[in-house]
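Engineer: This is what each chain is made of:
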Amino acid sequence: MTNPTLVIRGGLIVGPLESFLGDVLIADGRIVEVGPSVTAPSGALEIDAAGCWVGPGFVDLHTHLREPGKESAETIETGAFAAALGGYSAVVAMPNTEPALDSVAMVGYVLERGKLAAVDVAVAGAITIGRQGEQMAPIAKFAALGVRLFTDDGNGVQDAGLMRRALTYAQPLRVTLAQHCEDESLAQGGSMHEGASSSKLGLIGRPAIAEELMVMRDIELVRLTGCSMHFLHLSTERSIALVLEARAQGLPVTCEVAPHHFTLDETACETFDPEFKVHPPLRTAADVAALRAALRAGVIDAVATDHAPHTPESKDMAFDEAPPGMLGLEQAAGLTLEALGGAEADPQVFFSVLSRGPARVAQMREQDVRVGHSAHGGAVSVGEDANLVVFDPKAPYVVDRDKLASRARNTPYHGRTIHGRARATIVRGRLVQLEGNLQ
Amino acid sequence: MIDSIAGGNLVSLATLSQRAIVEVLDTAESFVEVNSRAVKKVPALKGKVIASLFFEESTRTRLSFETAAKRLSADVLSLAVASSSVKKGESLRDTINTIDALGIDAVVMRHSSSGAPVQVSRYVPHVRVINAGDGQHQHPTQGLLDAFTVRQVLAARAGTSGRESGSELFAGLNVLIVGDIRHSRVARSDIEVYTRLGAHVTVAAPGTLLPPDIAQWPVTVATDFDEALATADVVGLLRLQKERGSGAFVPSLGEFTSTFGLTSRRAELLRPETIIMHPGPMNRGVEIDSQVADSSAAVIEQQVRNGVPVRMAVLYLTTAGTTLESGSND
Ligand SMILES: [Zn+2]
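These protein sequence lines map, in sequence, to chains A and B.
Its first residue numbered 1, the first sequence is counted upward by one per residue in my numbering.
Its first residue numbered 1, the second sequence is counted upward by one per residue in my numbering.
The set of hints was computed from the structure by calculation and includes no laboratory data.
Honestly, I wouldn't trust all of these hints.
Claimed, not checked - Example chain A residues on the side facing chain B (calculated, C-beta under 7 Å, incomplete): (1) Phe20; (2) Leu21; (3) Leu201; (4) Thr267; (5) Ala268; (6) Glu313; (7) Asp316; (8) Ala318; (9) Phe319; (10) Asp320; (11) Pro324; (12) Val382.
All C-beta atoms in this analysis are idealised placements derived from N, C-alpha and C, irrespective of residue type, glycine included.
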């Protein structure tokens with residue numbers, strides 16, 4: 001089946017070097033013409049992009065697709081639908097499935113299933129077997145399959161000696177290890193940020209120092225081993241400062257922030273609503289402000305969702321018993337835009353943190369036939385793979401947890417009005433989503 | 001701040017104004033008289049159904065609440081969930097919905113997780129929720145009965161009634177709370193109630209048993225425990241969970257006792273009029289010596305006795321006016 005020719009009309013075409021009003025013509029999975037006004041062949045599907053930004057489809061570095069093992073919360077198919085609605089053309093599936101993605105068979109399973117999904121699905125492999133932090137997973141075999149990111153996410157690798165060896169082993173393979181930074185000797189048993197709110201609520205805290213100590217430790221291990229490292233969902237002002245300092249020293253480190261960490265603060269937990277429980281936890285208002293400032297300054301490599309679906313029954317447990325995590329894919333871009341200043345935001349920064357930056361971290365700027373994904377986060381120019389989003393920076397909408405594409409409904413944003421939404425998502429030249437409707 | 005718990009829930013003392021607290025204390029005072037009658041029963045909650053839902057077992061608190069409910073003529077559904085469905089991983093929402101289906105007006109609940117009663121109040125908004133202790137969060141009726149007991153003792157000394165004195169007797173009162181403040185729901189409720197009534201609260205504990213943000217609390221941290229004892233009008237001791245003494249928070253129970261226990265030797269530092277309190281159950285020989293617990297300065301039994309009228313007041317105020325509506329869940 002060949003896809004119809006598409007033409008995107010009258011949008012602001014964003015960069016990476018300049019932005020200009022124009023049209024984009026797409027055929028056979030690629031961009032075939034870009035200009036102030038292109039002539040479309042008859043039968044071409046027209047997408048009105050007036051008032052919209054047209055740029056590379058978003059790339060999520062941090063998606064929990066739950067398959068295999070927890071299909072009652074999400075599947076690769078439904079998670080990819082949520083991604084498409086959010087404006088994503090690619091996601092990186094996290095390995096904390098059941099069983100974990102710690103074997104060639106499991107990685108192959110997700111990659112194969114991913115090929116049928118609405119968006120491109122890349123895989124992050126586990127660093128250790130069963131994500132137990134004891135024994136290295138077959139990192140070289142995964143690398144040969146095209147896996148570029150490795151993490152035990154959900155857990156950080158607690159043992160410094162093992163982490164050092166994993167970095168040393170991974171370094172010549174030109175892959176990146178990604179860390180969920182929380183030292184469990186400090187965070188264990190905690191269910192929210194340690195601070196004024198946790199103290200008042202009588203909930204055990206996960207202190208900022210638990211995250212920052214592991215960031216410090218890993219920066220030093222990167223200095224020692226030379227392996228490149230990506231810091232997942234940094235949530236405190238100090239963590240960001242540490243990574244920026246390391247980067248300024250020339251160390252191969254990158255970092256991401258998650259929308260909930262720059263949108264919500266610890267006081268959200270005062271309702272005892274487990275929808276606000278997440279690891280690392282929602283931090284202080286000062287941390288939220290610092291993350292937003294860093295985003296606007298353009299020093300953050302990526303916004304990543306940490307999209308973490310959970311069944312309703314698991315979120316109907318007591319706060320300290322409920323699992324951590326919240327949905328993110330469908331709201332992330334709108335929340336990112338709000339943090340960057342709304343419709344007045346710099347669209348270059350917007351596409352940098354949502355597409356070009358994460359595509360660089362995941363090494364998805366080039367097509368990779370082994371893992372079956374096309375090129376993401378590129379320029380909107382002739383010859384590029386047509387992975388694009390048409391984003392309306394003004395469209396207001398109210399989040400309704402009962403109308404999400406995700407199989408789960410654990411959004412912390414239910415009832416919130418968000419400005420900015422993907423009007424259309426194009427993956428490999430195919431229109432997968434238009435005005436909130438999956439195609 | 002809420003000015004009255006009438007028709008509402010009681011999950012925390014953090015949101016109650018002084019007026020709301022005094023209303024409970026005054027109402028409780030009128031129920032003290034009922035408890036001294038030959039027929040200890042009033043028809044105030046006749047026809048109401050109150051579920052007593054203890055996810056964490058506490059015979060003393062459960063009996064106190066159930067006695068209070070029965071003296072108000074309510075029907076009591078006593079459910080020992082600690083050992084049943086919850087262990088099989090049933091969600092909080094399913095458990096409460098099942099009990100709600102039996103037709104209840106109020107639920108008295110104890111849970112080992114902080115905030116569980118707040119969640120339940122969202123799941124069944126048409127049911128009144130009374131927190132009988134949740135995790136390390138709040139134990140509102142304990143805070144109220146502690147304040148009630150202090151007011152009762154001070155009013156008797158002043159030759160007046162508690163009701164006439166309102167909150168006056170708390171002005172400038174030095175209350176010292178000792179022990180595991182960090183993990184204690186009783187401490188959190190006591191600090192709310194005493195400070196709202198105008199008392200000055202000092203806390204004394206090893207650093208590891210203080211919350212990390214104690215500097216932001218409306219209390220003074222004692223730098224010298226012995227000195228703090230000498231100036232205290234009320235000393236409230238807290239139960240030290242035995243597992244805290246296993247080395248993680250304090251090196252040993254013995255070390256805790258020697259530094260922060262109210263030993264007979266230390267009790268000599270107290271002025272004769274100082275009131276000694278303990279929410280029970282006591283670890284005799286750990287946070288308090290037996291001789292001190294049994295001394296005339298200790299009002300520990302009076303606290304237990306006052307639990308019934310205070311809980312009668314709470315049940316009456318929250319539940320008397322309610323009618324069973326078919327409210328939507330959540
Ligand atoms: Zn994580």
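Engineer: With reference to the structure, classify each hint as holding or not holding.
Structural biologist: For each hint, the structure was consulted:
no., hint, in the structure
1, Phe20, "violated (49 Å)"
2, Leu21, "violated (47 Å)"
3, Leu201, "holds (6 Å)"
4, Thr267, "violated (13 Å)"
5, Ala268, "violated (13 Å)"
6, Glu313, "holds (5 Å)"
7, Asp316, "holds (4 Å)"
8, Ala318, "holds (3 Å)"
9, Phe319, "holds (5 Å)"
10, Asp320, "holds (5 Å)"
11, Pro324, "violated (15 Å)"
12, Val382, "violated (53 Å)"
Violated hints, listed in ascending order, are 1, 2, 4, 5, 11 and 12; each of the other numbered hints is respected by the structure.
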